[in-house]
Structures are given as C-alpha cells and as structure tokens.
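Protein chains: 2
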Amino acid sequence: MASCCRPSASAAADPGDHPPMDHLNDPSMTTVPAPHQTVREILHPQSVAIVGASDSEAKWGGRLLRYMLRHRHDGPLYPINARATELMGLPAYPSVRDCPGSVDLAILLVPREHIRAAIEDCIAKKVGCALCITAGFAETGPEGRADEEELVALARSGGVRLIGPNCMGLMNAHHNLCATTGVVMGSIEQLPRGGIGMASQSGALMGAMISRGIDVGAGFSSTISVGNQADLGLNDFFEYLIDDPLTDVICLYMEGVKDAERFTALLARAAAAGKPVCIAKSGRSEAGAKAAASHTASLAGAWPAFEATCRRWGVYLFENIYDLLQGAQLLQRGKRCHTNQVAVFSGSGGGGALLVDALEAHGLALPALSAETEAAVADVLPATHRQLPFDFGMLNHMVPPDPDVAGGSVGIALDRAMHDPAVGAGMLLLTTQPGQERVVEAAIAAADRSDKPLLFVQGAGNHGDIARRMLRDAGQGYFDSTHDALAVLQAFAERTEPEPPACAAAPPALPVDLKPGFQTEPAARRLLEAAGIPTTRWREATDVDGAVQAARELGGAVAIKAVSAQIVHKSDIGAVRLGIEGDDAVRAACEAIAEAARRAGVPGLDGYLVTEMWKADAELILGIQRDPDFGPLVMVGAGGVLVELMKDVQLTPAPVSHATARAMLERLRSLPLLTGYRGRPPANLDVVADAIVRLGQLAMSGDGRVLELDINPLFVAGDRIAAADARATLA
Amino acid sequence: MASCCRPSASAAADPGDHPPMDHLNDPSMTTVPAPHQTVREILHPQSVAIVGASDSEAKWGGRLLRYMLRHRHDGPLYPINARATELMGLPAYPSVRDCPGSVDLAILLVPREHIRAAIEDCIAKKVGCALCITAGFAETGPEGRADEEELVALARSGGVRLIGPNCMGLMNAHHNLCATTGVVMGSIEQLPRGGIGMASQSGALMGAMISRGIDVGAGFSSTISVGNQADLGLNDFFEYLIDDPLTDVICLYMEGVKDAERFTALLARAAAAGKPVCIAKSGRSEAGAKAAASHTASLAGAWPAFEATCRRWGVYLFENIYDLLQGAQLLQRGKRCHTNQVAVFSGSGGGGALLVDALEAHGLALPALSAETEAAVADVLPATHRQLPFDFGMLNHMVPPDPDVAGGSVGIALDRAMHDPAVGAGMLLLTTQPGQERVVEAAIAAADRSDKPLLFVQGAGNHGDIARRMLRDAGQGYFDSTHDALAVLQAFAERTEPEPPACAAAPPALPVDLKPGFQTEPAARRLLEAAGIPTTRWREATDVDGAVQAARELGGAVAIKAVSAQIVHKSDIGAVRLGIEGDDAVRAACEAIAEAARRAGVPGLDGYLVTEMWKADAELILGIQRDPDFGPLVMVGAGGVLVELMKDVQLTPAPVSHATARAMLERLRSLPLLTGYRGRPPANLDVVADAIVRLGQLAMSGDGRVLELDINPLFVAGDRIAAADARATLA
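Those protein sequences? They're chains A and B, same order as listed.
FYI, my numbering numbers position 444 of the first sequence as 1340, with every residue one higher than the one before it.
FYI, my numbering numbers position 183 of the second sequence as 1079, with every residue one higher than the one before it.
If you are wondering where the hints come from, they were derived from the structure by calculation, not from laboratory data.
Hints may contain errors.
[Stated by the list, open to error] Derived DEER-like restraints, expressed as beta-carbon distance ranges: (1) Ala-1555(B) <-> Ile-1362(A): 48 to 58 Å; (2) Gly-1452(B) <-> Asp-1409(A): 42 to 52 Å; (3) Glu-1256(B) <-> Glu-1085(A): 40 to 50 Å; (4) Ala-1627(A) <-> Glu-1256(B): 51 to 61 Å; (5) Glu-1268(B) <-> Ile-1362(A): 46 to 56 Å; (6) Ile-1362(A) <-> Glu-982(B): 31 to 41 Å; (7) Arg-1616(B) <-> Asp-1582(A): 41 to 51 Å; (8) Ile-1362(B) <-> Lys-955(A): 37 to 47 Å; (9) Asp-1582(A) <-> Asp-1599(B): 53 to 63 Å; (10) Asp-970(A) <-> Thr-1235(B): 51 to 61 Å; (11) Ala-1488(B) <-> Ala-1274(A): 51 to 61 Å; (12) Glu-1477(A) <-> Met-1509(B): 11 to 21 Å; (13) His-1234(A) <-> Asn-1580(B): 44 to 54 Å; (14) Ala-1274(A) <-> Asp-1344(B): 56 to 66 Å.
Cβ atoms here follow ideal geometry from the backbone N, Cα and C, with glycine treated the same way.
So here's chain A without its partners, still in its complex pose (with noise of 0.2 Å):
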C-alpha cells in the first residue's frame, strides 16, 4: 500500500500474531508488563480453568462445564468453586490458584462482585486469558463503566489478557474448545468444523447463527461473543481471522467501531490478502442505534460512513445476521456473484413467477439465456420452456431425469444455464412436488460444479426436511424463504470490488490567507479553484459601485449575492437575486439585498458576489464531509429536490480514484437525469467525476483543514461543469 493514503501504513503493515497494544490510549501504558500470550495462543489454550463451575445445568458455570466436557477431549479442564471437590466428575478447586498445573484460559461466571479477586487469582497464576462471561459493568452506566477499567487496569499490569466482560465466549472448534454459554452447545453431537470465522458483539445473536449453522450445514473455525471489549475487542479478532489459516470467511456483527482507522487498515489487509468479510452491523437506522447503544457500551457512530468504507474495501454487508451467515457460507465454498442476473428455477411455474416479480425490488433481474444455452438444454427441456424460469415441475412430467446422465435432466438443464455467461447466480424454488429429493441429489452436484452462487429456498414445510438434511448434509445450505435468498443475492450484487487508495496526484495546496471556521462563497471559490474545479464565472465587489463594474465585465445577466460569513444560507434570507441586466438593475439588487441583510440581523455586508447566470441541463450536489471515526468523504447526488425526497446520495472515503468516482456517478437513481434526458444533450460523465476526483483531494490536503464543503448546485451541460454556490469550514 502507498505510504500516502489512508488507512495508516502503519497498521495495515503489521503483519503479525503480537496483540496490538497501539489503540490502548493508556498514559500508564509504558510501565505495563508485555501480555502472557498473544491472541493466537489465547485461542489455542492447552489448559482451561471455569471460575463459578457448577454441578446443576440450570446455572451458568454448570452448563458450560457440561459443555466443555462434552466436546473438548484434550488439557487438563479445571472446575473452580469454593463449596466443591468434584464437579461433574473432575477435581473442583477453591480457586484459580490453586489448580495443579499451569492455566492459559479462565473462565470467569462468578457474580460480578468477585471478578476483581478472580482476577488478582488469574494474575498470580500467570494466566494468559480472562474471559469474563459476567455482566453488569460498562453497559448498566458510569459506575460499571469505572468497574471495568479498573479490571482492565488491573489485568493489564499482571500481563492478563480479558475478553469480555458481558459476553457468551467463544468456541475454537478446530481446537474442541467450546468455552460458550451458547445453549445449542448442549444439544450436539460435535462441534460444527468449517471455515467460517466470527466475531460477535452480541453473544445471543452469535448463538443464534451457530444454531442456524448447524441446521443448514455451516462450519466455523473460531468465534468469538466480545461483549464489552474492556479489552481485547472485535479488532483483535477480526486481525486473527485474517491471519488464521483455517478461516476461509470472516463474519463480524458489529455494534459500534471502536477504533475505525484500525478496523480499516484490517479491513484493507482482508481485501489484500483475498479473504472475503461479511459484516452485519446495527445502528442504520437513529431508532437502531439508539437500541444498540443501550445494549452494549458502544456507540453505534454514523453509518454513510461505515458503509462507504466497508464498500471501498469490498466488504459483504447484510441486514441480518441469518442473511449475514447464509451469504458466508456461499463465499466459503467459493461462491462468487459477478453480475445481478438471477437465473430462476424452480418445482411450480408459479413459484418461480413470483420469484421473478420480486427480483427487481432487490436490484436483481432475470436473464436473458444465450441462444447458444438455448440449444444446450434442446435435449431436457420442451420448446416452449427454453428460457427461465425453467419449471422442473413441469420437467418432471416431461422428461423423467435420468439417473445415468450427470444428474439428469435437471442436473444437465441447470449445469447449462449456471454456464451462461449473463448468469450471475441460481435460485431453485423447491415446492411439495413428489420426487423432490431427485431434484435435489441432482441439483446439489449441479452446485457443486458451479463457482457461482445457487441458492436452494425449500418452499415446503417440514415435509421438505429429507432435501434439508440432504443439503445440510452436503453443506449447501438452504433457504425457507425467498425473501431471505433474495437478501443474500441482493448483498451479493450491492457488493463492489475492493480498491486499493488512489494516489494520483499530490493533494492541492490551499490558497494561504483563508481563516479558519465557516467562508465566504467568494472563499469556498477559491478553494474549489485550487482544487482544479471550475466555478460559474464570478467577481468580487466590496461596495455597489464594484458591483456594478463586475456585472459589466461578466457581461449578460448576472446573479448577485451578500458576501458574509455570518449568513450561512443566503437564498433562505433573500440575500440572493438572480437574472439581475444593467447598471440600474444591479444597483437595485444590491440595496435590495443588504436590506434582506440587514433584515436577517447581519448590519453590513462583507460585500457582494456577482456571477455569470449559466443554463444547465442537470444540477448535481457534490461535498466533503469528514467522519469522526473514519475522517474525509466524498460526497455526490442528485440536485435540487431530488437529495431530500429521493436519498440519492453516494459517499466514498477519499482520496477517490476516476474509476470510484465514474461507479459513483453511475449508481446514482437520478443517472437518467444526466444520460440525455427528455432530449437534452448527455453529460460528460468523465468531466463529472474528474472533479469528485479533484475534491477528494482537497479533502487531503493541508493536514485535513477541509472539515466540510458542499457544492450546491454543480452545474452540468454536456462537457462542460461549474459550480454555482459553494460553501466550506476549514479548520
């Protein structure tokens, strides 16, 4: 990665196991002692203590020793409980302390109030891990807040790592370590061996996609509940399952961010090393955050943000952990979507009718097969049912699959149209019909021999479970519901490929003399000029004799506006005429305006803006805006009404590269507005985003000093672009 872009060279280089200790912001942090074991050891534990084991099932301690014991076969297991010798069949102990042999992980589910000594136990032990499954620190309010750093406090100075506290633990399957409270642990046979690692900031919702994972034959590597990331937190992880080799897929739920430029930096180092990440995160909505907020101790931060850096970095979003898991377990077999064209099938025509009606709602679309899969499928299916959606009902009658041919009809019809380039994946609707798992034996290694994405949505109820449990078997997955597939292969299409930072050209150097805090337009002008990016012709007068002088030199009509920076929204105040032609007029406008002025409560006007009146034939809106978390965007949408009623906004981090910039310009809804609309001539998309480029790198320059701007409106007309208002606030 370039040394000039964000995310930070720094982080992004560390290429190792040692537990990053740089986003510790602890002045004390000199004199603490380097951590027992790095993150990868605190997953391999050899030897496991359960501080607040139990002998009853009901409880807590009871049930994860019971869990342990169940699918852990390897170390020595160490049952800790002041009241107990034998627990479960092993040795109990009194404390920590007291075990015979060395610790590497503690377990802690004692009540909140004697975490501290189990700790100060863990410490004189040397253990290299706390995973404090208690609550009722950080997330009940300040108190437990001031609890917990002093947990941390207090571990770190003994070289403790702490996981937690107010988490559900984790399991490393491929290491038989079950160290969760997750109910569904109690009720399986093995640990669900896969290449799915997650990390989890709810416990519950982790639980809920190990047992949804099972059902439909997901396998994990590592994950990991990280409740309140007093210490080691989601970051940590997340830079674990990069590294780790048994994970394929990386799966994070995610809350809030806690240190963004990290998170990026891993997020950049994922895309580098090819290792797709699936993130479902709470807090799009204000009412989410808000519910988030008050479940974990983290704030949720602003989303645009989040979403245009998890987009730049090719990231699979989801809006659901069920979609979040069922998307993983695609990529983990390797699945890639690389167009939105679904091509349906399915056990009903009505079925796959109605599949198809739903797809545009989710950006997708049906293909259009190729004339040559057309004659490929000649054989297996009728004339008139040649293009999809293919109804394998139907097919059923016709032509019964023969088991000697690949499988069958349905196997030779699907591997044909899956092979259509135009195809970029394949929902098969499996309704009640007889034969069904026919269908399925076969369409399962019609799967298998595609590297794109087939989706099995089992539209029958439990009468279906043989084909579920012929696709659980085979770790297809399925679906119950359309509306689920369709998420999925939505977020498949929504995805955008990871991009390496532009670095181009050297950010502009900002014009000397401009103060800091909110400019002028006059000001912002000269900004977006530094920058390369063209402005309606304009003059300054500090008085109306200058004003009139100006509107002579520009010529023609002009529009005249106060020059102040205590106005912010000029037209709002009537601080702004347009059309204004001849001396007289021009005068009459600006008395005109400093009375509006003087009206609004400004007395005197720095003095007037006069500009070149323009014809556009589209107006976008283009801006900076700089992310407490995650710093500067890039920002462009649709002008005038069409931002507020429609949304239609794109964000990118910048610096932006052409190409970003082109994709931005093209997803926007209003792009018919810009293509030759209702007759007129298109615009020049490449002038457009040539200065989205040029504003990503005034974003970059002078140190950040560009905390916002707006361009609004962005006057466009074939090749050519100005911008006719403009306002910024420089650090």
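Fit chain B to the supplied structure of chain A, relying on the hints for placement.
Below, chain B alone, put in the same frame as chain A:
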C-alpha cells in the same frame, strides 16, 4: 350498493349459491341444461369416484386413492380402473357408469386421450362435477385449448360441471374430503381444519401453503386448485368462500383475472361481509407476467389496475404465498393492525436493534411508548429499558418471570406494550436464550389477549423446535425469518380500508361537438372545464393575428402552442413557446411554431393556443386511464422528472371520493413538495383532491367516452390550481 356505480350491481347483488353462468360467453348457452349441482354441493360430495385409480402410490391415481382413504370416513368411494376388481381393499369398477350408487364427484386422473370418454361416462351417470387433474390442454397451446373447449361444451351439454383440467384437486377439511394429489396429504394424520379458505391458480403453491400451514398451526376450510379454469374458475370458488360460514379469511393465489367485473363485484361483496381477502398475484413485473403466462393458460393483465382495484376493496396484498398464508393466519385469529407502528421485543439486544433498523425500509416504524405505558411496566423492567425495543434476554437476568402473574414479567411487559395506543403490532424475536419456552408460553398468552397481531420470529435454528411446536399447537404461527415477518407487517400497513364507490355527483355532460380520437389541447381543455377543473386562462386563435389579439386580452407574458390533432408531443418538436410578450414577439413565436410543425411533417396547423403564464409552487400530473379488465382509473403523481425517476404515482378506480383523493395525495412520496417545501406556501390539498374527484366523474361520464386523459402539468400554488397542458382521447 348504489346502482350508479361499478362494480355492476347485478353481480354484487347475487346472493346465493347458484352457479353463475353469466360469464360464460357461449352463444349456445340458452340450450345448455342447468348443472346438476351448485358449487356448494360440488364441494360437499357424498359419493366420490376416482377415475384412473391405482394400487401403486408411485402413480397419481394410487396416491389420491390412498389420501382419500386416509382422510375420508363417510360416503361411498369408487375406484375406477378397467383392469382391476379391487384396489386398496375397495371394489373397483371399469367405468363410472358401473358404480353401484350415484356419483357426486368424479376425479379424473386418466391420460388426456381418455378424458373425453370419462366425461361421457360422467354425463351418462349424471355426475355433479368432474374434477380433471390430468394436464395437457389449454396450457400447451392452441390445439390443447380447442380440445379443452370441446370438453367443456360436452360436459355442459350433460349438466356436468368441470374443475381443471391441469390442477391438483381440492380439499374440504371440514367434510373430510381430500381430493388432491398434494403429497403432504400422505404424511399427515388428519386434515388441517380451520377457517382459511383458499383458491389457487397453482396446484404446487397450494400444496406448499398447506404444507407450511400445517407446520405453523394454520387450519383450512376448503382449498381448491383451479387449474385452467375451463368451466368453474377462481371467481366461482371465491364466491363460495365468501358465503361459506366455515371460512373466516379468503386466500387467493392468482396469475390472471378471468372476468374482472365479476371479480371486482366479489371483492365488494367480501368487503361488505367483513371477510378479509388476502391475495398474492404473479405478474407484477413484465418478466413475471411472461413467466406466469407460460405456466397456465392465463394472461396476467396490468398489475397497476389490479392493485388499485384490490386496494379500493381493502384486500391484503402479499408478495409471495408464504406471506399470504401467514398473514391470513393472523387475520383468521382476529388480529387487525391499525397503524404502521411495530413494537419490537427480542431475546437479544443486538437482534432487537437489527429489527428496528429494518422497519423503515418496510414503511414501518418503532412507536414511542406513552408515559402511562412506561409507568405501567416499571415493576417488570429496569428504568433504562422501558422504551422499545424491550430486551427479554436482559429481563430474564433481571427479574425471573413469575408464573403466578399471568405469564410473569414477560407477559406483563408484553400486555402493557401491546395495549399502548401507538402500537399497531408487535414482533417478538426469539434467540437461543435458555428458558426460551417459558418466554414463549407467556408470550402466547399475551398474544391471545391482544386484538393486534403479535408476530413470533424464531431466531434459533432447529434448536428452537420445542418453541415452534408450542406456537404451532397454540395456532399462533411463527416465522423463521425476520424478512418474512416484516413483509407481512408491511402488507398489513399498506392495506387500506375498503370504501364503497363514491356516488356524490352526477358525471358531467361532455361537450357535444367533440369527435372521437385524439383531441387537440383546446378540446381537452373544454373537457376539463366541463368537469369543473380549472385551467390556465386561454384563448384559441385560428391565425397569427388572432394570437396577437388573444395575447393582448390575456395580458402580460403568454405561452403559445400549436393546435393540431396531428401533434401529440408539442414540446418535443418545438411547437411550444413560453414567456412571450408584445405583439412582435407573439407574431415571431407563431411563425417559429408553424415552421417547427412543418419541419415535423405537419404542414398546416388548426391554429394557436395562447395561455397565461403561471407561477407554480409545485407541479402534479393527473390522468384518466382505462384498463381493459378493470375499467376507468384515476391517476395522480409527482410532476416533472419525479414521475419517471420515482414512479411516484397513485392510482384508483373511478369514481373517486374526496377522502380517497386526499389519501392518494398523502401517499405520494413527493408529498413534501406540496406541504410547504423550502418556505413555499403549502398547497391546499382539498383543492387538488377536488380536481381528482372531478376527474373521476369525468371518467364515468358519457358511457366511458374518455378513453384516456392527461393533465401534465397541473400547476399548484396555495389554494389555486390550473391545468397547464392536457391531452385526451375519446371513443
């Protein structure tokens, strides 16, 4: 229903059970004998023959015989098979003619080439109805369609009704009649009795709905797969279900509409009877309509007209059959949703937050509980958690549910939140928390106590099957997907109350001198004036001098347009000039317009239209459309670019009441542009609504002479409106 209004009074008034024949456009109808049986009698047969019965369950005829035996306990059952004397323990007969007793229902499963003979046998035996499951008729093309028509004529000539062909039969659960080949019937102990009546154009989807219904504890009265509807069709069974006292809710899966007038009359009758109608229809998209057409022998028709008609009559519209079924189950249990405010409850804080995030995209919102409700939950929820979403995972930790207090703290919290007037519905997301069953037990009781829907989403996998069974056995139903639950609530929120047709004013008399065909703008303006809809002031001139005079009369700047029935899009060819002031400018504009018309291939103009200029705060489009199936509709939408980019249009059948017209305006996404956008004066929505009402009257006038009419734009400024351009086509 008042006789001045559609839907036709005759069909709507039809009270009874007599098989309606008026939709059979058969010229020989007068010579056809009355059918032996009514639809009610057909669905309650005493004796049933299975033509093509078999000993082998691998064959349709064997499966159906097995299902009939498994589920039917009274009345004679006659297997018909030319080569058998006994089948599954019953005496078999070579032909229906040979049955020892009378036959009410004959189910035909023989190959298509034997169907004609089977129907001849039915006629000879005076069978009430032949249920033809065999496929291969109209759905295969013109030849099959001709064969099908012959069969219908044959059956009618003998008084035999026909269901199908190409269907999967029917079930009357309360009559123990399992006359369907749906394979789920082979795996259930008893027919799922209940109050949901269903007619479906897809047999497979009917089977899937029954299968899912059994899982979630939904019960059915009668379910009918209507197939190709050669004789008895969806409307006949729809009518039966409206009158059936054992049917509480009607579920229809539709692909096309046969006899839209009768269908609309039945919608009105169901609304008058207070019986909810739930519909999923394929063909909402062009691709879906094409897929549906290739499935059964029906054309989908235009979705917008269908949707508008359904909305008018209070239909609940769903996107797929699973939402349809589960929505129907909630309605069948008496649950009604009066607002779009959804109280979210969850076993996980994270799950609750994600659900809240998802509400907005479905047109739903999280309600703010009243101070009274907050106070009322104070004894069961901690102070920080008395606003939604409630986190019962947390509640479990804090206050164990007290079984003595009507469901414990969970029950109390649910009761009081559901009782809050702001709450329209509730959603409870269950995760893998321990003690889930206890939460579910309390929540089932709370759901029973509320007349609002409380939707259960089982977030756990198979691990949550105990809770699923509890919910099924309680008849509550459950969702496995939050997407599904949200889609059902969205359908509930989007449903509008049924409204009898508006009959306020007599339709206006049309100007007598207007010729059929496309109208010039002056003619269209006279139509509007006849209806009492304001237009911009205008004069028509036959020549340039007349235009000069007209402009003088109007005063100020004017707009000038070409008048010619040969020009449909005046602006596109340059035949409109705006802001023209002064005699010379008017002359120049007229000449330019004439020249533009000549260039566009229109050598002579009828004259010039001169109108005042108008300063509008907002622009709308209004129109009359005439659907070939559903008749005249009135449209209102956002003007300018918005209609194309946002498809922001509302449609309703004419005539339109003032209340409906206002509701249409309030449903426009661009409503903010009308209610005081950026300091503009708000539009008087009643004035705009009045124009919509008048347009509805115009659509009804002159026996529907107005085939099409567009006002584009309708200028709006405060209390004033004016049509600034209009075109129309008359019959």
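Outcome of the hint check:
1. Ala-1555(B) <-> Ile-1362(A): 48 to 58 Å: 53 Å, holds
2. Gly-1452(B) <-> Asp-1409(A): 42 to 52 Å: 49 Å, holds
3. Glu-1256(B) <-> Glu-1085(A): 40 to 50 Å: About 42 Å separates the Cβ atoms of Glu-1256(B) and Glu-1085(A), which means 40 to 50 Å holds.
4. Ala-1627(A) <-> Glu-1256(B): 51 to 61 Å: 34 Å, violated
5. Glu-1268(B) <-> Ile-1362(A): 46 to 56 Å: Hint holds: Cβ distance 52 Å, inside 46 to 56 Å.
6. Ile-1362(A) <-> Glu-982(B): 31 to 41 Å: Taking Cβ atoms as reference, Ile-1362(A) and Glu-982(B) lie about 32 Å apart, which means the hint holds.
7. Arg-1616(B) <-> Asp-1582(A): 41 to 51 Å: 45 Å, holds
8. Ile-1362(B) <-> Lys-955(A): 37 to 47 Å: 21 Å, violated
9. Asp-1582(A) <-> Asp-1599(B): 53 to 63 Å: 57 Å, holds
10. Asp-970(A) <-> Thr-1235(B): 51 to 61 Å: 58 Å, holds
11. Ala-1488(B) <-> Ala-1274(A): 51 to 61 Å: 59 Å, holds
12. Glu-1477(A) <-> Met-1509(B): 11 to 21 Å: 19 Å, holds
13. His-1234(A) <-> Asn-1580(B): 44 to 54 Å: 52 Å, holds
14. Ala-1274(A) <-> Asp-1344(B): 56 to 66 Å: Since Ala-1274(A) and Asp-1344(B) have Cβ atoms about 57 Å apart, the given range 56 to 66 Å holds.
Checked against the numbered hints given earlier, the structure breaks hints 4 and 8 and satisfies all the rest.
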